[in-house]
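Dock chain X against chain P, hints included.
Listed here are the chains, written in short residue letters.
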Amino acid sequence: MFSLLRVVAQRFALGLLTLFIVSLVIASIVELLPGDITQAILGQTATPETVEAFRRELGIDRPVHERYIEWLKGMVTGDMGKSLANKREISDLVGTRLSNTLFLGGFAAAIAVPLSLFLGLLAALYRNSIFDRGINLFTLTSISFPEFFVAYILILLFAVKTGWFPGISNVSTDLALGDKLFRTLLPAATLTLVVVAHMMRMTRAAIINLLSSDYIEMAHLKGIRPMRVIFYHALPNAWGPIVNVIALNLAYLVVGVVIVEVVFVYPGLGQLLVDSVSKRDVPVVQACSMIFAGVYILLNLLADIVSIVTNPRLLHPR
Amino acid sequence: MAELERLKMKLERGKISRREFLSRVSAMGLAATAPALYSATAMGGPKKGGRLRSAVAHGSTTDMLDPATYENGFMSTVGYALQNHLGEVDETGAMVPELAESWEVSNGAKTWAFNLRQGVEFHNGKTLDSDDVIASFQHHMGDDTKSPAKGLLEQVESMRKDGPNQVIFELTGGNADFAYIAADYHIAIKAAKDGKIEANDGIGTSGYVLKDFDPGVRCFMTRNPNYWKEGRAHFDEVEMLSVIDPAARTNALTTGEVDVMDRVDLKTAHLLAREAGVRVEETTGTKHYTFPMRTDTPPFDDNNVRMALKHALNREEIVEKVLFGHGVVGNDHPIAPSNPFHAATLEQRTYDPDKARFYADKAGGNIKVQLSAADAAFPGAVDAAVLYREHAAAAGIDIEVVREPNDGYWSNVWMKKPWCACYWGGRPTEDWMFSVAYQAGGSWNDTFWTHERFDQLLIDARAETDQAKRRAMYFEMQQIVRDEGGVVVPMFANYVFAMADKVQHGPLAGNWDMDGTKYIEKWWFA
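These protein sequences, in sequence, are chains P and X. Here the working numbering is used: the first residue of the first sequence is 1, the next is one more, and so on. Here the working numbering is used: the first residue of the second sequence is 1, the next is one more, and so on.
Okay, chain X solo, but in the shape it has when bound:
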């Protein structure tokens, strides 16, 4: 990245133009981050002040402040603005300390000791200590909890404190990525009282203090003057509005009612980018769209059928027509280019009707299958399915697209119908992604797939601390899923968002939408 630093310097001194900067950064393969680098570099450091107003595509009257109930983008944004976690994911996808100052791993990645930062205060004045951390984790464990993080924490055998500033986790098996799990957005660190947290009070240690919360409508926060983190929380006040309708969101931004919006309508993104005073930006994260086949149900129990279908899809055309180019093609495994152990050298699967026909013949001739889709799976899922049908027809494969209702899609179609469309937000680590959706018996193993070698590798790689060995293992696992798994992964979709010109930011994190969903604490006004 020395080249990048050199370019930044030249830009600052006016030796190269903005256009040249952008094109040269793009040439380095950093296309998605180029505008971000430009705005951070050209405008000098962050400034304090102002009132940020954002339009968020999510939010429901049934939302609650309890971190164990976060299930949409509005609440995860609120959660990140009010509360901190043990660690956070930075813009390179690496785990960096947050409320934990550091951590030590021992005993084959089975023992994790987190050293807490000292002198951190909650919004109500309480000082952070190890009891708070233990209570915050316990909120997501046990039989009564409804937390989505429950499954993640099943590997925790015990937690104990060693003094007020250290918490030690004992795991049932080694997990070299446990720090990532400890930073899941549900597991916010909140103040403990008598060993329990007050889940619904909105009080945390983060840069903003909750002033007003009207579920499904609005959230208003002011800066925490006492925030411990350097160089963060620049806005004086933040007002978030829930604006579900994409046209209303776009209107709100272009008429100056809000300063940032998420989920730009991809069909009109190019028009919005042309609008004066507005910037459209995007990051490629781990979000991917899939077509999972139930490998326990005929005809998908035959790998030849799966391979035929995997070869019968023109990924480029789907990215072009469904994502309008805002994404990258997938390679039939769920590991994103931004994941640390992505197998970049694994050969890209391409549209090949001849090969599809070859596998179809091996499977015994005519393949006739139904593909269930609804736009609840992902925007454009029905269009993608129809395109798929046309591509497959060229290989003599007959796909019947079944249009399902949006309402109840996740309870009645996904993991019920033999083949459907699905969406995954993705996970920051390979282990996490594979464990939730590909391990035999995993609760969301939506392909009902079992593969002995894969499961063995998964457990071995989890405890392996030698990075080179881990890389080799994850490479093999991606290959296995690609060639034997039950999932078709046509594409990774970019997060596309827009902001007024005066909004500035540093390098963007890609782990979630909108700079890792931390724009409230990271961005600033020029």
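Here chain P stands alone, though its shape is the one from the complex:
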């Protein structure tokens, strides 16, 4: 148990280091973008004098490293700072957006993860059957289309033609949970279709890989039912790779949904990031990137822990 904690602490520290590097990279990349926030906001009205005055007012006339260090100090103490564009606290700005994004991602994950595990197990159980081929064909088809196309198809079928679901996910804060689920079902279904193939096929492959090993053959020879062999004998040893793929896809559900947000007009974090980049609102870009990077790192850490716990060999590396 002690060694597990040590591994976790190690990974955590590495994660923090990664976050730090990401923040450096983002800061320098945003600096490389042409123009700055004063030009983006003033647009056609930007004269050299107003640009200068505005830069001074925002404090961005100082050198990059000074601003970066100041930002880092704030970040360490939990202060994300204020948006340059509208002076609002970034924590307020990000708060509702983040909860919206997590809600949609969580909803999609709640459908996608059990569904793909279940389909993957069935496909492994009845491998090379019509069912197996059919489900592979379907999931591979849906992952091969760009997400906006999948989204438009769903809108066409379930909003325009039948009118069962709303064409846009207009969620205001005072909506009841049931309404909110109803209004976000189409975007969640889109995301599900996009991520299911990866997880389902990894589950199937991991299980099939194990099914050819000796101890499984032994289990079969003992006369155990196929379902039980898969659940009790194969699955516990297959968790490692499966959880890794699940973590990757969960991270994608949080950080990669900007297109789905745009198509369904869903006010999530991705849209905020896009707006802030186009306005060169550096502190907001930094905050959003930190959140996205943090989610990625945390989910991967979680996946590592799960695979270590389920595989004692990794607990005692020599």
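These aren't lab readings, by the way, just hints derived from the structure by calculation. All values reported here derive from a predicted model rather than from experimental measurement. A few of these clues could be false.
With a straight-line cut-off of 25 Å between C-alpha atoms, the simulated SDA-like cross-links for lysine to any residue are [what the hints assert, rightly or not]:
no., chain 1, residue 1, chain 2, residue 2
1, X, 196, P, 50
2, X, 416, X, 469
3, P, 161, X, 275
4, X, 417, P, 52
5, P, 180, P, 162
6, P, 161, X, 268
7, X, 150, X, 196
8, X, 211, X, 232
9, X, 502, P, 156
10, X, 502, P, 52
11, X, 146, P, 161
12, X, 193, X, 138
13, X, 196, P, 57
Same frame as chain P, but now just chain X:
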């Protein structure tokens, strides 16, 4: 327009059909307004009630309620719904009083006295007086302001009040069109406290009161029961959604999630019009797309090169293929058919490869130029540039189309590269348009053009109050820009928008998108 009134009457009495009405109004040259006239006439007067939901193609998380920061269609719509101005532009393009009841011009159009309407209340209960007006204008003046209206108000020498209901402006030079500037959408009249306005509170005198504003997402307003203006503000509640993606906007309208949308995707406008329960309408305003050449940079410093390029463009084909017919051809000057002094009798420039070749020879033979374009300039700008290249090739002119990135287009390409694509929302008056973009030294003179006679005419016409003389001056100026200016104006683009059948409106104003961006206060449900 007596004929029009007669037709309206016949339609109301059922003597002519809708089809006949539309075709006869179209024959009178009012094609763009015909459906609007029909819907206003056929449905009787405006009715109160309902909740209007609109899908707006703009909006960003960085938006603010401060009128000095309005830079997109979402915020100008919000601004018009919450706040009034001294005057407003009506459907004929004329300036009519709003918070100012009337105004008097004297001293060669240098002194403007605005008489304020009495008994108008702000949403917070304060009564409008001259201090509010002065503070509201001062918000856009001085060194600290970042307001786009700053340049417009540089001509104001002083403001003073004469009692609680009159404000007198002294200008540095005569300007017969100052009322238009005073009604610019940035210069909203807000309540003053200790000589300053609270810019970000969203409080105004207009027909709707702000309830909820989530920048880049949504704005919710309810009717001001205390609104002073008669016959306006019909909806009980208004919900605006920012829907940037054109397909999502179209979906929202066709599935009944919203009642109106702006910026119909021109490629699919004809399909949307076929949809049951949805109407597509359009107005021709002052919005135009241009290809400005830097006249201070070779080879564009030679007018023969400019003339060759102006003759080497097939405008009809561009309107047909880039605007899908939703627009009219331009005549290489920025004055729109809807502007009061548009030179309608000025000969229309046409595609003429022979003339282009003639000017090219005068310029010394081979013309090889680069044209920078990106769709940030206007939708279809790259396609237009490529078409231009083909047209010019027939005249032996070699245009190389340089595709620029959308991001940063306005800071890195426009007014930097020698020749690029550009878009202008246009201005309601000739003077305004010419001053911002064609006067020597103007801050957005994107052709870097100087023309002595033109600049002289501009200043003379500004102070001239004799309408016939002004018309003659503006005619000459349009001619000068057309024949000697640095800009190619291929087209004026229509504003195209769509609404559910139950949404009704009167005659449409064309000065901005969506009925002068005042649909929230002007339209109603049948």
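So, going through the hints one by one against the coordinates:
| no. | hint | result |
| --- | --- | --- |
| 1 | X:196 to P:50 | holds, 21 Å |
| 2 | X:416 to X:469 | violated, 37 Å |
| 3 | P:161 to X:275 | holds, 12 Å |
| 4 | X:417 to P:52 | holds, 23 Å |
| 5 | P:180 to P:162 | holds, 20 Å |
| 6 | P:161 to X:268 | holds, 18 Å |
| 7 | X:150 to X:196 | holds, 17 Å |
| 8 | X:211 to X:232 | holds, 19 Å |
| 9 | X:502 to P:156 | holds, 23 Å |
| 10 | X:502 to P:52 | violated, 50 Å |
| 11 | X:146 to P:161 | violated, 48 Å |
| 12 | X:193 to X:138 | holds, 13 Å |
| 13 | X:196 to P:57 | holds, 20 Å |
In summary, the structure is inconsistent with hints 2, 10, 11 from the numbered list given earlier, while agreeing with the others.
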